[in-house]
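J.: Sequence:
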Amino acid sequence: MWAAQASFGDNEAMPTAVSAIALRTSPLTELEVDLLVVPWFSNDPPTTFSHLNEATGLELARARTSGELSGRLYELLVTPLVDTRWKAARVLLIGAGPREEFGTDLARRVAAAAAYAARSRRAQSLAFVLRSGLPDASGDVDVSAFVQAIAEGLTLAEFHGGTYKTVEPGPSITPRVTIAVRDVEDGSPETPRRLESALSRGRLLGECSNQARQLANEPGNHLTPRAFADKASQIVADGGASVDVLDETRIAELKMGLLMGVARGSSEPPRLMVFKHLPHGVTSGPVLGLVGKGITFDTGGISIKPAENMDKMKDDMAGGAAVAAAMRALSILGAPIRVIGIVPTCENMPGGKAVKPGDILTSAEGKTVEVMNTDAEGRLVLGDGLWYARKLGATHLVDVATLTGAISVALGKQITGLFGTPPWWVDQVRRVADRAGDRIWPMPLATDYFDQLKSEIADFTNTGGRPAGSITAALFLKEFTGGLPWAHLDIAGTAWADDARPYQPKGPSGVAVRTLAELPFTIDNWK
1 MWAAQASFGD
11 NEAMPTAVSA
21 IALRTSPLTE
31 LEVDLLVVPW
41 FSNDPPTTFS
51 HLNEATGLEL
61 ARARTSGELS
71 GRLYELLVTP
81 LVDTRWKAAR
91 VLLIGAGPRE
101 EFGTDLARRV
111 AAAAAYAARS
121 RRAQSLAFVL
131 RSGLPDASGD
141 VDVSAFVQAI
151 AEGLTLAEFH
161 GGTYKTVEPG
171 PSITPRVTIA
181 VRDVEDGSPE
191 TPRRLESALS
201 RGRLLGECSN
211 QARQLANEPG
221 NHLTPRAFAD
231 KASQIVADGG
241 ASVDVLDETR
251 IAELKMGLLM
261 GVARGSSEPP
271 RLMVFKHLPH
281 GVTSGPVLGL
291 VGKGITFDTG
301 GISIKPAENM
311 DKMKDDMAGG
321 AAVAAAMRAL
331 SILGAPIRVI
341 GIVPTCENMP
351 GGKAVKPGDI
361 LTSAEGKTVE
371 VMNTDAEGRL
381 VLGDGLWYAR
391 KLGATHLVDV
401 ATLTGAISVA
411 LGKQITGLFG
421 TPPWWVDQVR
431 RVADRAGDRI
441 WPMPLATDYF
451 DQLKSEIADF
461 TNTGGRPAGS
471 ITAALFLKEF
481 TGGLPWAHLD
491 IAGTAWADDA
501 RPYQPKGPSG
511 VAVRTLAELP
521 FTIDNWK
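At position 255 of the sequence shown the residue is numbered 255 (my numbering), and the sequence of numbers has no breaks.
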């Protein structure tokens, strides 16, 4: 039997990650935990885990007969283990759907749901059993991919959004967590190292996703642009990447008229965060530019939003948070290429100096924009951000933004919209996102829709109206990409969960962090 362990319990920047996660290959009977978690498939034969059924006093057979244990996704059955030869106190059976549909994405979600169930039962220790013979998307069994996904899910479940509550105690974290692996042989010299690496990678990516969630959950009076820059810089620097924060004077020197225009209605000055991952000895080759929208609060400006749900506009910097957290992760993981992260941040407020509908702003690139709606501000700050990423040498671009309500109308609240050009780059980002568990869907980028952005007195307007709103927003951003390979992730629907699910409570989701962090490692497929 061998074991590996990953713990990030004392990281001040992410106070919600306090458990240790270990790998074990010992027999299930030897796992001394409060809760033994076993995924149960809807098409498991009656003889599945017959020894476990006997250890529960035939409770599993009774539950199957009654329909209480059907394998439906996320259903739960908890029962004591009465056989004293088993060291675990209780077993939790969690529905995992049909076996043939159980890939890494479902493994991640089922693990998170199980961890939340363990927390509600005040379990002090749990062991999540990785079932044998599970295929990945290619049909092959990749145990390390499942270990990484499960570690991510168990870590994501540690996020707690009620950090400002003073009366209700926060939910307890299960301090000792084990992933029980049953597809490896003791004594194998290579497999343990691969699984240890997968565990650490999954733990780190889950932790960084939680850091992005923590930032997006901060109220606007606490997370001002300056505070955002300070906190995000701390996260990135902790990973070893370099940090430079440009103040309003340096932003003005760069003539970033779009960013300054959005910021001028607020008493809070803007900031531009510049993060760089520069691997030792790498001086040529692709440079990935990540650009994240960092509006710390969005009232809509003069084109003010309705009061209902405006409180959620504190998460309008979720794209910027994703970039910062991903920069930390990819730096710690040792991404093999140079990566630049750009996060323009400010508030969008209706002050006396605020930009007005009909105003003309000039971008750092020299292009002029007629502002038709001040609530279409995210694309403005991203325009200057994309230009600056190019100026710093980016050869491939990805931007992430809570950009349009239209994308939620098109794809709902669980799927991110993906735009970009050329098709091979869009497809590359899509494949990485699929593996990372960020559900995305490619959207059309019909260039004739750019006609909706025509202006009588400027190069173009900042909004094309309601029809195809997410497409025209993406076409606006395309004007600042300089013809480079570029992908745009519109996370307006997916950055915040309005309704709790078994694997995700209400609140920030941390979407796109894992995708951005994993993308630099696919360089062999780039053109």
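Rather than coming from a laboratory, the hints here were simulated on the basis of the structure.
All figures in this text were calculated on a predicted structure; none of them were measured in a lab.
Errors might be hidden in some of the hints.
To be verified - Pairs of lysine-lysine, PhoX-like flavour, derived with a Cα cap of 20 Å: (1) 255 / 367; (2) 231 / 305; (3) 255 / 391; (4) 454 / 276; (5) 367 / 454; (6) 506 / 454; (7) 367 / 391; (8) 255 / 165.
J.: Now tell me, hint by hint, if it's right for this structure.
T.: Structure-based check of each hint:
Proposed proximity of residue 255 and residue 367 is supported: the alpha carbons are some 11 Å apart, at most 20 Å. For the suggested pair residue 231 and residue 305, the alpha carbons sit about 28 Å apart, so the restraint of at most 20 Å is broken. Pair hint residue 255 plus residue 391 holds up; C-alpha atoms about 13 Å apart against a cutoff of 20 Å. Using a Cα cut-off of 20 Å, the hinted pair residue 454 and residue 276 is violated, with the two alpha carbons roughly 36 Å apart.
About 13 Å separates the Cα atoms of residue 367 and residue 454, which keeps this hinted pair within 20 Å; it holds. With a C-alpha separation of about 39 Å, the suggested pairing of residue 506 with residue 454 is violated against the 20 Å cut-off. Between residue 367 and residue 391 the CA atoms are separated by roughly 15 Å; this keeps the pair inside 20 Å, and the hint holds. Restraint check for residue 255 and residue 165: the C-alpha separation of about 42 Å exceeds 20 Å, so the hint is violated.
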